[in-house]
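Undergrad: Here's the letter readout for the chains.
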Amino acid sequence: MSLFISLAGILLGFALNASSAMALSLNPDAASPGIEDANILHWILFVVILAVIVVVNLAILRAARPRTRAVGAKQGRKISQTKLALGLSVFALALFVVSTVFSDKSREIPVSTETVAGQVEGQPLEIRATGQQWLWRFDYPNGAFSYRRLIVPTGATVQLNLVSTDVVHSWNLPELTGKALAVPGKTNPVYFRADDPGVYTSRSSVFSGQGYDTMEIEVEVVPPAEYEAAIAKLRIDIQVAQDKVEAEFQAARQKADEAADQVKQMDSTTKLNETESANAE
Amino acid sequence: MSRTTSYPQSMPPTRPEISSDGPSSRPARWIELATSADHKDIGRILITTAFGSIFLAALELLLMRVQLAVPSNVFLNGVTFDRLLSVYGETAIFLVALPLIIGLLYYVVPLQIGSRTTAIPRVGQIGLWLFIFGGIMLYASFLFTPPEAGINPLPPFSDATFTPNNGVDVWIGSTGMIVLGLLMVSIDLLTTLHNLRAPGMAWRRAPLFTWAGAIVTWLFTIIAPIFLAAITMLMIDRLYGGGFFSGEEGGSPLLWQHFTYIFFTGVYMAVAVTFLAAIGEIVQTFTGRELPRKSFVYSLIAIALIGTLAWTQNMLTAPIPSGWKYYGMLMALALIVPFGLIFYNLITTVSQSDFHMRAPLRFALGALSLASIGLAAEIAQSTIAIATQLSQTYDAWAATHFTLIGFVVFGGFAAITYWYPKMTGHELNEDRAAKSFGLMFAGTLIAVLPLFAAGVEGQVTDSYRFFSGEGLDVWNLISSVGTLILFVGLVLAVGNLVKSRTEEPVATPDPYRGDSLEWLALSPPPAHNFDVLPDVRSTRPMRDIREAIKRRDDENAEAEGVAQPVA
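Those protein sequence lines, which keep their order, are chains A and B. In this text, residue positions in the first sequence follow the working numbering: the first is -4, and each later residue adds one. In this text, residue positions in the second sequence follow the working numbering: the first is 36, and each later residue adds one.
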């Protein structure tokens, strides 16, 4: 029995030790309004859960204590089952109400305080995030796109439309949006508004194959002007790269055509020579 | 076996003669086991397979934890880790949890209801062999390509386009055979429960574990076909160009998630129901008190029903209508009521009574302790706001593992040590059981508690490595050490089960003075279970029998006492 008690000591020590890590750091860097509500709910539920665990395990320990004297039958059951069930129902219902309130609040679409290019006034800025093995692609309203790294403006509500071209991926950005699945054939929108500039990194969280652990997400939050400049530059860069590729392609094709012409000429000369030699014979 | 003897024609026998070589010799034990349709043999094979597979699952978990002990480890490469992870998941669910609950119920419940056989034993026998070949198929795949698409191979990733090798086909084939086999065993048990109860064994008098048998077999009869349908659709998608789960061709990848999560959540609840009922039996026997029956049985039914209906709790981040999400949250939180009632009743019953601490009760209390941590942590996992943060991380993994290690491993050892004398005819070594319990309990706490912290720090599951500088190093190292301790404890505990069969004294039929009818049969029970079947007149038939015997002895003694002075 001393064994059981010492193990209980380990348990409690661990629970308290892990608790400080758990309670304080669900999301210390919450950067979107909804995430704050998730943090508060986590705090409430964490206290409730820890209380439940401690009470239940202390009761188990008390039940398993070594008996030094006989336990009389006088300690009869005092609470009736109906009352207990009612009490537990009230507890469960209270948890449901609290969870619903905070979940609703955390799912509310935040209001834009800024409007940037490509965004209709009063509407969120729509960016499409495409999951693919094992990279995220982001398409901005102006036609520019980027891989792995997403740039968003501060203050503007972003509607990230999650889609997938191959398998199920999970978008995962604890500080701004939390997790959401990108499922092929469906669009799953998530909303966030980042108020402070910064860089947030994370990685996908649904197993998607061998490159899964390298499927990183990096979101850079910059002021609106910088964002507009950045995606404009991105578009120009893409156009430049496209032009360059096009030019190289045209050059290569021209070269190929010339080479083909030469071969044709050589062919015809060889043919000519052949006919000549045939004639000579 | 009779032998015909030919007699000379001239001397016909005056009377018919029967000549014989004596009774035919019994076939070898393994032939008997392999050809038996007896519920006890089938149950023992299922239970033995489950305890053998606990070792395999723990070994696979240990290998994965060694890989995750330090950041950016190169002990295993990605593919090997994915394969170990997939096989670990399948082993833990389909080769440990399911055969353990079905095997225990199939062995014990016919004895508890006073039946001499099961209703359709051949169906159970076919089920057993389907199960065995499913298990062989899974582990034979290590010679070729083991499954590597994750614990739950989500299409379209598990479609032929993205995982063209045979691993997923092995997963489909082996889980299909295992689930179909165990479904047939449960159908046999369900039929037995409804048709072959002893005279007087009304449902209101049925023991708790028998109730669990009825609930689990009904539940399994509902959820197993859903799973079989899902894997058949996946097989058609993979091999015959179907489009059930491909988003582009009019199918839906989310359909698979609905189907499989109904099944997996149902299995989770079946495990909880079975082992809570087993713990209930243990508590009743060792404390000599009855649990409030009505409340306990209704709670078990509620767990099976509400728990399975809470399957959308696993899909809180998927693009499904929000109504489904709030519904999943409501159902998951409603589980607080039945679980709370059962935990309260079990703990107060132990607390208010004198008892002898023996191995089954020790494991039972350990199971309650670990499961309480896991179930409480599931509260947070089932709320939408927190699931979007913590699902698919090691926080969710830790909650599930606390509950399942608590119920399956500790509840499993509680049940097996409780019925060990009945099954083997030998006592169990209490000393070794206590030591292995200590190691396993400490190991589980050290292995799983730090993962809550790692999950909150954001470590995602199923990844074969993590990187330093994210606050994860310490938690993972502690967890790996704990897994090693858990593994050693498990090996000792399973070794104790094997060793006690030969080393320990022979057990009496009723070593604990239990109240249900399995203790009336010999240990181990003969093929026909009971020589005489009693009329069941209360919820505690064995106590009635003991009292009747005592009354008869008293009367005899009294009669002798009266008779003596005259003589």
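Since the hints were derived computationally from the structure, they do not count as laboratory data. Glycine residues also receive a C-beta, built at the ideal position from the N, C-alpha and C atoms. Take these hints with a grain of salt, some might be off.
Not the full set, but computed from the structure, chain B residues with beta-carbon under 10 Å of chain A [said to hold, decoys possible]: (1) T198; (2) T459; (3) H461; (4) E462; (5) E465; (6) V491; (7) P544.
Undergrad: Under the constraints set out in the numbered hints, which ones does this structure not fulfil?
TA: Failing hints, ascending: 2, 3, 4, 5, 7.
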